[in-house]
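Given only the sequences and the hints, what does the whole structure look like? Please build it.
Here are the chains, one letter per residue:
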Amino acid sequence: MARLIVLGGGVAGHTTATFAAKWLGSQHEVVVVTPNAKWNWIPSNIWVGVGQMTKEEVTFDLASVYAKAGITYKQAKAVSLNPEGNESSDKPFVTIEYTSKSKSGESENIEYDYIVNATGPKLNFDATPGLGNGQGAMGTNTVSVCTADHAVHASHKLQESIEKMKAGERQKFLIGTGHGMCTCQGAAFEYIFNIEHELKKAGVRDMADIKWISNESFLGDFGMGGLHMKVGGYVVSSKLFAESLFAERNVDWLIGAHTSKVEEGKVEYELLDGSKGEEEFDFAMLIPPFAGVGLKAYAKDGEDITATVFAPNGFMKVDANYAAGAYENWKASDWPRTYQNPTYKNMFAAGIAFAPPHIISKPMSSPNGTPINPTPPRTGMPSGIIGKAVAHSVCDLMTKGENAHLHEASMAEMGAACVASAGKGLTTGTAAAMTVYPVVPDFEKYPGTGRDTDYTFGEIGLAGHWIKHILHHLFLYKAKLNPGWTLIPE
Amino acid sequence: MNKEIITYPTPLSVEFGVDVRVFDEKLFALIDDLKDSMNENNLEALSAFQIGSYFNVIVIKKEDGSFLELINPRLISHSGREIEEEKTAYYGDISANVSRFEEISIVYQDRNATNASLKVKGSLARLIQRKLDYTFGATFLQKLSADERARFESKLQYGADVGVADYCPTTFFRDKILKVINISMIVMLVSLVSSFFVSDAELLGEMWSYQLYASFGVLALNVIYFFYAQYEGKQYTSCSSCQLGNIVGTFFISLIKLTLLMLSSYYFIHP
Numbered sequence: 136m137a138r139l140i141v142l143g144g145g146v147a148g149h150t151t152a153t154f155a156a157k158w159l160g161s162q163h164e165v166v167v168v169t170p171n172a173k174w175n176w177i178p179s180n181i182w183v184g185v186g187q188m189t190k191e192e193v194t195f196d197l198a199s200v201y202a203k204a205g206i207t208y209k210q211a212k213a214v215s216l217n218p219e220g221n222e223s224s225d226k227p228f229v230t231i232e233y234t235s236k237s238k239s240g241e242s243e244n245i246e247y248d249y250i251v252n253a254t255g256p257k258l259n260f261d262a263t264p265g266l267g268n269g270q271g272a273m274g275t276n277t278v279s280v281c282t283a284d285h286a287v288h289a290s291h292k293l294q295e296s297i298e299k300m301k302a303g304e305r306q307k308f309l310i311g312t313g314h315g316m317c318t319c320q321g322a323a324f325e326y327i328f329n330i331e332h333e334l335k336k337a338g339v340r341d342m343a344d345i346k347w348i349s350n351e352s353f354l355g356d357f358g359m360g361g362l363h364m365k366v367g368g369y370v371v372s373s374k375l376f377a378e379s380l381f382a383e384r385n386v387d388w389l390i391g392a393h394t395s396k397v398e399e400g401k402v403e404y405e406l407l408d409g410s411k412g413e414e415e416f417d418f419a420m421l422i423p424p425f426a427g428v429g430l431k432a433y434a435k436d437g438e439d440i441t442a443t444v445f446a447p448n449g450f451m452k453v454d455a456n457y458a459a460g461a462y463e464n465w466k467a468s469d470w471p472r473t474y475q476n477p478t479y480k481n482m483f484a485a486g487i488a489f490a491p492p493h494i495i496s497k498p499m500s501s502p503n504g505t506p507i508n509p510t511p512p513r514t515g516m517p518s519g520i521i522g523k524a525v526a527h528s529v530c531d532l533m534t535k536g537e538n539a540h541l542h543e544a545s546m547a548e549m550g551a552a553c554v555a556s557a558g559k560g561l562t563t564g565t566a567a568a569m570t571v572y573p574v575v576p577d578f579e580k581y582p583g584t585g586r587d588t589d590y591t592f593g594e595i596g597l598a599g600h601w602i603k604h605i606l607h608h609l610f611l612y613k614a615k616l617n618p619g620w621t622l623i624p625e
Numbered sequence: 002m003n004k005e006i007i008t009y010p011t012p013l014s015v016e017f018g019v020d021v022r023v024f025d026e027k028l029f030a031l032i033d034d035l036k037d038s039m040n041e042n043n044l045e046a047l048s049a050f051q052i053g054s055y056f057n058v059i060v061i062k063k064e065d066g067s068f069l070e071l072i073n074p075r076l077i078s079h080s081g082r083e084i085e086e087e088k089t090a091y092y093g094d095i096s097a098n099v100s101r102f103e104e105i106s107i108v109y110q111d112r113n114a115t116n117a118s119l120k121v122k123g124s125l126a127r128l129i130q131r132k133l134d135y136t137f138g139a140t141f142l143q144k145l146s147a148d149e150r151a152r153f154e155s156k157l158q159y160g161a162d163v164g165v166a167d168y169c170p171t172t173f174f175r176d177k178i179l180k181v182i183n184i185s186m187i188v189m190l191v192s193l194v195s196s197f198f199v200s201d202a203e204l205l206g207e208m209w210s211y212q213l214y215a216s217f218g219v220l221a222l223n224v225i226y227f228f229y230a231q232y233e234g235k236q237y238t239s240c241s242s243c244q245l246g247n248i249v250g251t252f253f254i255s256l257i258k259l260t261l262l263m264l265s266s267y268y269f270i271h272p
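If you're matching them up, the sequences are chains A and B in order.
When we follow the working numbering, the leftmost residue of the first sequence carries the number 136, and every step to the right adds one.
When we follow the working numbering, the leftmost residue of the second sequence carries the number 2, and every step to the right adds one.
FYI, nobody ran anything at the bench for these hints, they're computed from the structure.
For every residue, glycine included, the Cβ atom is placed at its ideal position computed from N, Cα and C.
Please note: incorrect hints may appear among the correct ones.
[Unchecked claim] In the PhoX-like style, the derived pairs of lysine-lysine whose C-alpha atoms are separated by at most 25 Å in a straight line are:
(1) A:LYS292 / A:LYS401
(2) B:LYS120 / A:LYS411
(3) B:LYS122 / A:LYS346
[Stated by the list, open to error] Pairwise CB distance ranges (calculated):
(4) B:GLU45 / A:LYS401: 40 to 48 Å
(5) B:LYS88 / A:SER379: 18 to 26 Å
(6) A:LYS466 / B:ALA114: 16 to 24 Å
(7) B:ALA114 / A:GLY400: 54 to 62 Å
(8) B:ASP25 / A:GLU398: 44 to 52 Å
(9) A:GLY400 / B:PHE174: 24 to 32 Å
(10) B:ALA30 / A:ALA461: 16 to 24 Å
(11) B:ILE187 / A:PRO582: 33 to 41 Å
(12) A:GLU298 / B:ILE257: 19 to 27 Å
(13) A:ASP387 / B:ILE187: 38 to 46 Å
Given below as structure tokens:
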């Protein structure tokens, strides 16, 4: 019996572990190591963040689901990898530290035959002074919707602001990215329009000034260099699409911005033109930048080989071309296909945990040398697709031997769908629904835009809300491994 | 080389907004073409998109006659708003009142791929914003308010920048009547389908009564729609006579749907 360890229980890790357990059956062991007790459907955190959903509606306990799937579940965080074993054993192992109440702080070494790193990101709040608390967690100056708990906190703060407005006190809302190297602009984009919608519903919209601050160099970049969408038969730039949403809803914006410091009620920023400024706020939701979770790696003799296994940003190196060089040399083929670590063939990375070869948007920096550009999104649909492909590969390696064919899922050959709601109602509000193909532009295959305009389209309308509701229930149903879960696509 | 400038009604290309990645002779040739085309057509600025290139390149003629070359330009911050009348080469002499930022800050690259920035206001800020629209595949049409857009499209229909007394709106109150009619018929359809699962004669009788009363209501709404729609259309001189055809057609289609629904109801529900 061989053992597969999956680090992380988010979209990528959960997909990898559950499919692997199904395909491997009882012949092999699947272990999930994740510090969280609950699975979270992160896209719906937006609705938690405006008080339209509860934490319980977007999460469920992992233990019972993994017990049902025959997966060994360890509520713990991975600390380090020993891909060559140690001096007393050749067997690779991972060192974990338990986070569950009963075993909190205890460590354990677990040997593995294959390991999939799907830890997701570390929410690197401390990369921006004042955004974090100096100890790795979110600070007190802003709110976040990155986790369900953060979203609940954001919802309470939003209610406080609404009460103040009802009492006649004007409020300034600042939503966007908290650093020049953030990703997940889409989540902040969705949140700002949900806030706008909720303020309208509460009858206090006229008491609120809402402003977007982002590291994108144009509205609608979304970390993908923007996209050309078919809307009602016309091909429209995501820039115009986004600009019209901001204009219609009277939301101001500031882009090309690196949030350099956060204080109570104020952010300092640097723009792409090198100028610096300040923006005051009463309520701010600023997405933190992502980094690897800080896993270390050691050779058999104890030598630190973290730099061999992981990129400087802490994400795991995979079969990508990390030597692509300057922007003009970037190609779709730089992007990984199998997500196998080039040094240790029994190690894979899935979802946000893999190190991308470069960003997707045009690289930009201020005259002061500060990089201000979105980093590549690899959440949601791509994470699920990659997680399933990696599960396929690992299962084949475990059952057919080390020469088995590896399955591929390049982000340059995969599409993604995104629904950005502006409210939760079934009869009111509108959502922007977009599909993009491929996620990473392929300028050789699709000269010019790099994307296939037949499969890249968007719509604005109420139906987007219905789609988001359907996705919410569908993916929670799938993640709970209810009957027919494998039939639901990633 | 002087290039043909794309003008209305030639549709704009669906290929646009492509950042220049390689700064080579091809780019320089494109910039030269833009300058030649501007000189030939006496234009103060031109976006590469206007001569059929998908690259994000804008050339502007400065007051001293020299050219400002903006490669991969981005508008990153702004202040103030003002509405002014604009014309653009794509629509020739037809103008529109466009809301623009008064002052903008842009970043761009020069022909050596060096990053640069520019803070401008007034007419130059307006001009750059108009050209930026093109680099992302649009014209000022997409920046117009709903009313101004309707007026502008009316001018386009006349083919001249003449004063248009009024314009034909894109939405009418009559559409709301039509919506009520359609929703009512959907409810009737649901009732019809539900009857397939009902065997109780008394209940079927009640369902038939509902269908009957609902059909009277829908019929009455159709009649109201028919007359009100024509009255509403006549309030706007710019609304063309083809609207009457649409109203009559919509009225008869709705009646046909109602007839089919009632025939089916009579056959399946009527006790």
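**Message:** Run through the hints listed earlier and report the numbers of any the structure violates, in increasing order.
**Reply:** Failing hints, ascending: 7, 9, 11 and 12.
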